[in-house]
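Asks: Listed here are the chains, written in short residue letters.
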Amino acid sequence: MKLLSNLLETIKPHFEEGGKLEKMYPAFDAISSFLFVPAHGSNKGVHIRDGIDLKRTMITVVLAMIPCLIFGIWNTGHQHYLALGEFTEVAAGMMEKMLFGMVKVLPIVAVSYSVGLTIEFIGAIIKKEQVNEGFLVSGMLIPLVMPVDVPLWMVGIATIFAVIIGKEVFGGTGMNILNPALTARAFLFFAYPTKMSGDFVWVNTATDNNQPLVDGYSGATPLAQAIENGDKITSVAGQPISFMDMFMGYIPGSVGETSTVACLIGAAILLITGIGSWRVMLSVFVGGYVMAFIFNTFSLNPFMSVPPLSQLVMGGFAFGAVFMATDPVTATQTNTGKFIYGFLIGFLAIMIRVFNPAYPEGMMLAILFMNVMAPLIDHYVVQANINRRLKRLKTA
Amino acid sequence: MSTSVKIKRGLNIRLKGQAEKVYAEIPASETVAIKPTDFVGVRMRPTVKVGDEVLAGSKIAFDKDNEKVKFTSPTSGEVVEIKRGDKRKILEIKILADKEIRYAPFKKSNPDDLSREEIINQLLESGIWPLIIQRPFDIIANPDDNPKAIFISAFDSAPLAPDNDFILHGHGDEFQTGLNAIAKLTEGKVHLNVSANTPASKVFTNSKNVQINTFTGPHPAGNVGVQIHHIDPINKGEIVWHLTPQDVLIVGRLFSEGRYNASRVVALTGSEVSKGKYYKTLIGASIKNMVTDNVKEGSLRYISGNVLTGTQISSDGYLGFYDTQITAIPEVENPEFLGWIAPGFDKFSISRTFFTWLMAGKEYRLNSSLNGEKRAYVVTGEYERVLPMDIHPTHLIKSIMIGDVEQMENLGIYEVAEEDFALCEFVCTSKIDVQALIREGIETVQREC
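Which chain is which? The protein sequence lines are A and B, in order.
Residue numbers are given in our numbering: position 266 of the first sequence equals residue 266, and the series is strictly consecutive.
Residue numbers are given in our numbering: position 268 of the second sequence equals residue 268, and the series is strictly consecutive.
Mixed in with the good hints, there may be bad ones.
No farther apart than 25 Å at their CA atoms in a straight line, the calculated lysine-lysine pairs in the DSS-like style are these [what the hints assert, rightly or not]:
1. B:K202 x B:K184
2. A:K195 x A:K12
3. B:K288 x A:K44
4. B:K431 x A:K128
5. B:K236 x B:K148
6. B:K16 x B:K280
7. B:K374 x A:K391
8. B:K398 x A:K128
9. A:K394 x B:K280
10. A:K391 x B:K398
11. B:K398 x A:K127
12. B:K208 x B:K6
13. B:K374 x A:K23
14. A:K391 x B:K6
Some chain B residues close to chain A (C-beta under 10 Å, calculated; not the full set) [said to hold, decoys possible]:
15. N110
16. L114
17. S115
18. P159
19. I239
20. N306
21. P335
22. D346
23. K362
24. N410
Read the hints as simulated data drawn from the structure, not as lab findings.
The beta carbon of each residue, even a glycine, is placed where N, CA and C say it ideally should be.
The shape of chain A in the complex, shown without the other chains (with noise of 0.2 Å):
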């Protein structure tokens, strides 16, 4: 530690002004503060400081992914040999369905980090700034939102898209106006759909000796066949899924999303360390809960009989409320702000997925819908704390 230190001090003269590698400042005080949080005193106004900071804010969200990626990784795996008819079982193969998850999954993670950090790292040597921890939870996010089967390069253009004109041309991070990630997949959902949506693609059917698929297959997601089947889902080899089986994950669909039950885990860690707001955690719940339960009331079509729960746990709901609306800068700042902005997603995103087939997955629009929303909801907020302050001073 001491010798990494020691290291550290002995090159950064070629860092700082007047050193040959100067221009690359930045980058250089982006690793040195990453390995060792800098000895700054505060020097005016408080002389003692809260511990959190925002690498740490990050590294707790990033952290609470991780059992989304392991489940996801399985599930990869799960559904890879569902579709071939071996180690049908959940708890069969668990070594085989990791191994295959891994080869699958981690390639999408490497990508996503790398393209994403080394534009970062270019775009804070340009504006001559600090780099910033936001990417640490955007990188994460773009794999676990992406179907198995997208191709390496998709990922790596989104992941471009998503960091330029998702986040930098408003100022970087903190200023956004879209949830980054979410740019990156609806980028890739309208640029690529025959990638990003239908029976295909989520499921890696791909086998070394062409091995026939199980009689049956099929790789359409719960809510595909939610259009036509209401709460009567299949799993890729035919066989009926319960509530139960959606709830953990047992499902096609991106690689991250599936299972409600690792979201949940994601989810209490980020409510007790206190980082993601339960405020919009839970009114993105009963939003969505209202509506399907408008919907489930009515009845008019088989998408719309489906369950209330059922219709939480099906595709990325789960996912996008725990991870994905909480996102602080691209929500609403004021606390009421946060249960309207919530509840309208969970509402709008069952609204999208039932009554428009061409966009199973409303949950994406509907956040990113609500991200453009949320400054005009804390704007009605505030004036209404304008208006308080007004009120009073004429009954004064």
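Position chain B against the provided structure of chain A, taking the given hints into account.
Replies: Chain B alone, transformed into the frame defined by chain A:
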């Protein structure tokens, strides 16, 4: 009629080093200093030269923008130094104190028999006036104004704050005389706000001529700004004055003793203090005699005031004009390896990202580390947790950042001062200097109005 208010939002930072409730004996401070930097926004012009003899209560300076406001010496002796900094800005007017304080005479009288003007004049002449602070802006009150109310917070809820019940014990008469004088300054009410967390001292509960209100809850329940907000909020164009219980004692003694008796009881606190006790000293006294041989090893930071709002001073620096507390904490020295992921068994956080949240009741030895680096705003909702006012803190700060005066007014800039936002600054993940911004906003509004 009295109001009880329950404060729910806020934060008590549990620090090591509470002062023991006994008085320690130390030799009187050899030098005493008045620091113009203690008075926000005041351009001070000294009226004494090095070598001049002064009495306790004789004028040594005045405010260039309001010549009625005078500053006097807290002790008698010889002016030995007028210390200047950059651009010849005055930093300290230093006085070598006599062994026995000689006082400038003021009229001894019962405030009940005096008119408002007479009381104001005596306070101005004796140099006690600067103890009276006004909201909005949190600056020295203007003697020409007519405040709608006067507030006295009887308790200090800041980290390691001194206990006013202990300090005022046995000073009921002076306190009441002071209150009688203060009550004449307003046509409205004088609010004396006591804590209901613990039973308040009889000195406070038996006070007359005031409305006694009770407050419960965590810091900043004791901040006068929070109390004003809940009892009689300030609207545009309104003025409220406030002062602290020890200031009321000084006012009381001016009328009962007929002199400027600048005695102050100060608590010596902080994790690095060996024996933290209470000291009877003077406004502007040197802390040297208190901290010599009474602090632990290592690089230390001495603060006149508390860790949230105090001013950094040196080990032979001087007590601030308004301060009743000295705090010593360790200075940050070494960078921390992978500090953003370390379990942090010595870190305090309002979030529960450190395992210390499981250790209820643990007292912390916190150093001056920023614990990170400055960033853009990312996390929301933090400030709201520690600001018990009907104010949107982040939006107010942002309106200050862009210099939008109208929006600052709308969002309540008249009701706030730096100290109310000190906890916001403490909890800020992005390490924004919130208090400095609030002052910047106040100054912008002052200029524009």
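Asks: Using Cβ atoms only, decide whether S115 of chain B comes closer than 10 Å to chain A, and label the hint accordingly.
Replies: violated, 28 Å
Asks: For the pair we were handed, K391 of chain A and K6 of chain B, check the Cα-Cα distance against 25 Å.
Replies: Judged against 25 Å, a Cα distance of about 24 Å means the pair holds.
Asks: Are K431 of chain B and K128 of chain A close enough, with their CA atoms no more than 25 Å apart?
Replies: It holds: about 20 Å lies between the C-alpha atoms, which stays within 25 Å.
Asks: So if I understand the rule, the pair passes when the alpha-carbon distance is 25 Å or less; does K398 of chain B with K127 of chain A pass?
Replies: holds, 22 Å
Asks: Can P335 of chain B be said to touch chain A, with a Cβ gap under 10 Å?
Replies: This interface hint holds because 4 Å falls under the 10 Å limit.
Asks: Quickly compare the C-alpha distance for K391 of chain A and K398 of chain B to 25 Å and report which way the hint goes.
Replies: Cα-Cα ~23 Å, so holds.
Asks: With a cut-off of 10 Å, does the beta carbon of I239 of chain B approach a beta carbon of chain A closely enough for the hint to hold?
Replies: Where the cut-off is 10 Å and the nearest Cβ of chain A is about 13 Å from I239 of chain B, the hint is violated.
Asks: Assess, step by step, whether the Cα of K288 of chain B is no farther than 25 Å from the Cα of K44 of chain A, and give holds or violated.
Replies: Holds, at about 23 Å.
Asks: Under the criterion that the straight-line Cα-Cα distance not exceed 25 Å, is the pair K16 of chain B, K280 of chain B satisfied?
Replies: The given pair, whose Cα atoms are some 22 Å apart, holds under the 25 Å limit.
Asks: Has the given pair, K195 of chain A with K12 of chain A, been kept, meaning a C-alpha gap of at most 25 Å?
Replies: violated, 46 Å
Asks: Mind checking the CB of N110 of chain B against every CB in chain A and telling me if the closest is under 10 Å?
Replies: violated, 34 Å
Asks: Within a Cα-Cα threshold of 25 Å, do K374 of chain B and K391 of chain A meet the stated pairing?
Replies: violated, 38 Å
The structure does not agree with the numbered hints 2, 7, 9, 15, 16, 17, 19, 23 stated previously, though it agrees with the rest.
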